[in-house]
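Position chain B relative to chain A; hints supplied.
Protein chains in written order, with numbering that gives the first Met the number 0: chain A, 0 to 293; chain B, 0 to 268.
Hints are supplied without guarantee of correctness; some may be wrong.
Below are the EDC-like pairs computed for lysine to aspartate or glutamate, each with C-alpha atoms no more than 16 Å apart in a straight line [claimed, not checked]: (1) A:K115 - A:E90; (2) A:K200 - B:D89; (3) A:K200 - B:D92; (4) A:K200 - B:E209; (5) B:K106 - B:E210.
Sample of chain B residues facing chain A (criterion: CB under 8 Å; computed from the structure) [stated by the list, open to error]: (6) T148; (7) P151; (8) E156; (9) K157; (10) A264.
If you want the footprint, here are the derived chain A segments under chain B, 3+ residues with CB under 8 Å [what the hints assert, rightly or not]: (11) 61-73; (12) 92-103; (13) 115-123.
In case anyone wonders, no lab produced these hints; they're calculated from the structure.
Computed from a prediction, not measured in an experiment: that's the story for all the values here.
All C-beta atoms in this analysis are idealised placements derived from N, C-alpha and C, irrespective of residue type, glycine included.
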Amino acid sequence: MSATPDDPTAFPVAPLFALDTLWFQVAGTVCNLQCTHCFISCSPTNHAHEMLTLAGVRQYLREAEGLGVKEYYFTGGEPFMNHDLFEILEETLRQGPVSVLTNGVLIRAEAAARLKKMSDASEYSLDIRISIDGWDAETNDPIRGAGTFERILAGVRALASAGLNPVITVTEACTGAATQAGRTRFLDFLKSVGLPQPRLKVMPLLRIGAEESRLRAYESWETLKDRELTEDEAGALQCTSARMVTSKGVYVCPILIDAPDAKMGDTLAGTLRPFTLSHQACFTCHETGFSCRT
Amino acid sequence: MPHVTDLGSFRRIALFGGIYSNYLSLEKAVEIARARGVDATFALGDFGAFGPHPDRTVEILRRTAIPAIQGNYEESLATAAEDCHCGYTDPRDNAFAQVSYDYTREKTSAEHKAWMATLPAHLRLTIAGRRVLLCHGSPRRINEFLWETATPRPFIEKLLRDHAADLIVCTHTGLSWQRMTGPGRGLVNVGALGRPANDGRTNVWFAILEERAGDVAVELVPVDYDHARLAREMRSEGLPAEFIETIETGWWTTCLEILPAKERARGRF
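Excised from the complex, chain A in its bound form (with noise of 0.2 Å):
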């Protein structure tokens, strides 16, 4: 099979099972930290997407209802940034169980104390995820900022005396948090600081981003180009599933939202459709059967 590298039939297509899993990229690419790794350069200044309105995000909301969507997200940047969060979080928590995506550092007792009553208040679930990238300051600090360690921490410490138990996640930036051993060296940490039944998720880094001058971009062979997808690995794939709300659009999926030609509509109803695996993060997801999901 030959193809030019710009040939899209050369890649192969992941079909959409169902719209199960509705991201919100609720604080756009705004964010209060500026870390090293981040796939999609997120920063105090990055406004390439904006923040959601609550009015915004009803909207995609009553359209998720109709199509019967199982889970929601929320991510950013920071989404704590985000002076509607609270009342959007309250919102989706009467329609579906929901997620958000966090550093954690502005997350202090008065904001855990708010989403632990809005917790109690639904029939679903609501998960705190928060990124971290070590076990100390000197594995955390030089990849999400200096002081950052402490200050994750604190909202970690938060959240627990609140009554909520967060999931942590941390990526492969942190040199062997993936092995056996980094995972019990992790989970011991995480014990330590107040998490008596610690979760975590592992995540691989994403070469796209700020990630591209940090450690490196991907290689040129790092693609799906001619490369089968079986229904299994399909099924694996979180485009499969899932769509993101940005502030302009809704995306394909969360990680590719700086991508042009990711965006596949307006509207919930014009994204249901098959999308072309071509992008090099795509390698990424295929390879090692990540999902953005807790």
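Relative to the frame of chain A, chain B by itself:
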């Protein structure tokens, strides 16, 4: 692909979720269901895993002619798969699942595996005029986890529409719950007959569905059984101490990372 059989109309039925080789709780549940005067009993898959002597469970099901559907265990065993396709995502969870599957695969007779291959993926029946669909995980995927706090009403309605049912009955998660989306419409997870419900109690559960006042009523029935004997047999079979602890204490010790926040918070680990 699943072949679906419509079994007709029933007044009162018993439904067994994952049995996980707990042949002792199965024996008790069969007795209780009989005493409760059910028209029929159905087993919703995952007969093996976790517990000892997997053939004993299958022998009871076949001897009592309980109609059964495939769980991911039966599908995996019948196709000689390398793992259980339980659907876990965490490495520790998967490691324990593999111990369980390797033991069950080795100890399940070829004849029983061949029987598993003959089981349907779904069954359909009617109670009080409601179309009831029996499945293992969900109607669309044998290993889909449907948890109480992560299965919202609009999603249940979509499953009901897509699969032409009024009531979906499933298992796979090991925790029982129900959510109705309208009169006679909704989803029931019958929990597990083979493993306690992560609540610090050693009993297990099955469900009875019956016609009551012109509609379907769901009742969860506790089953006390000789769990100390099961634990002894698990120990002598060399099964993991973590599994035995669950049988003895009622708290889950493994395969926890797949739980949503609220289900996780209810357990000890």
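How the hints compare with the structure:
For the hint pairing A:K115 with A:E90, the CA-to-CA distance comes to about 15 Å; that is within 16 Å, so the pair holds. Taking the CA atoms of A:K200 and B:D89, the gap is near 8 Å; set against the 16 Å cutoff, the hint holds. Between the alpha carbons of A:K200 and B:D92 the distance comes to roughly 13 Å, so the proposed pair stays at or under 16 Å and holds. The suggested pairing of A:K200 with B:E209 is violated, with an alpha-carbon distance near 42 Å, which exceeds 16 Å.
Between B:K106 and B:E210, the direct Cα distance comes to roughly 40 Å. Violation of the 16 Å bound is thereby established for this hinted pair. Evaluation of the B:T148 hint against chain A yields a held restraint, the C-beta minimum of about 4 Å falling below 8 Å. Evaluation of the B:P151 hint against chain A yields a held restraint, the C-beta minimum of about 4 Å falling below 8 Å. Taking 8 Å as the C-beta cut-off, the interface hint given for B:E156 holds, the closest approach to chain A being about 6 Å.
With a cut of 8 Å, the hint placing B:K157 at the interface with chain A holds, because the nearest CB-to-CB distance is about 3 Å. Look at B:A264: its Cβ gets to within about 6 Å of chain A, closer than 8 Å, so that hint holds up. Counting residues of the region 61-73 of chain A whose CB lies closer than 8 Å to any CB of chain B gives 8, so the stated coverage by that chain holds, three being the minimum. Residue count for the region 92-103 of chain A with a Cβ under 8 Å from a Cβ of chain B: 3. That meets the three needed, and the coverage hint holds.
Taking a C-beta to C-beta cut-off of 8 Å, the region 115-123 of chain A contributes 3 residues in contact with chain B, enough for the three needed, and the coverage statement holds.
Violation of the numbered hints given earlier is confined to hints 4, 5; the remaining hints are satisfied by the structure.
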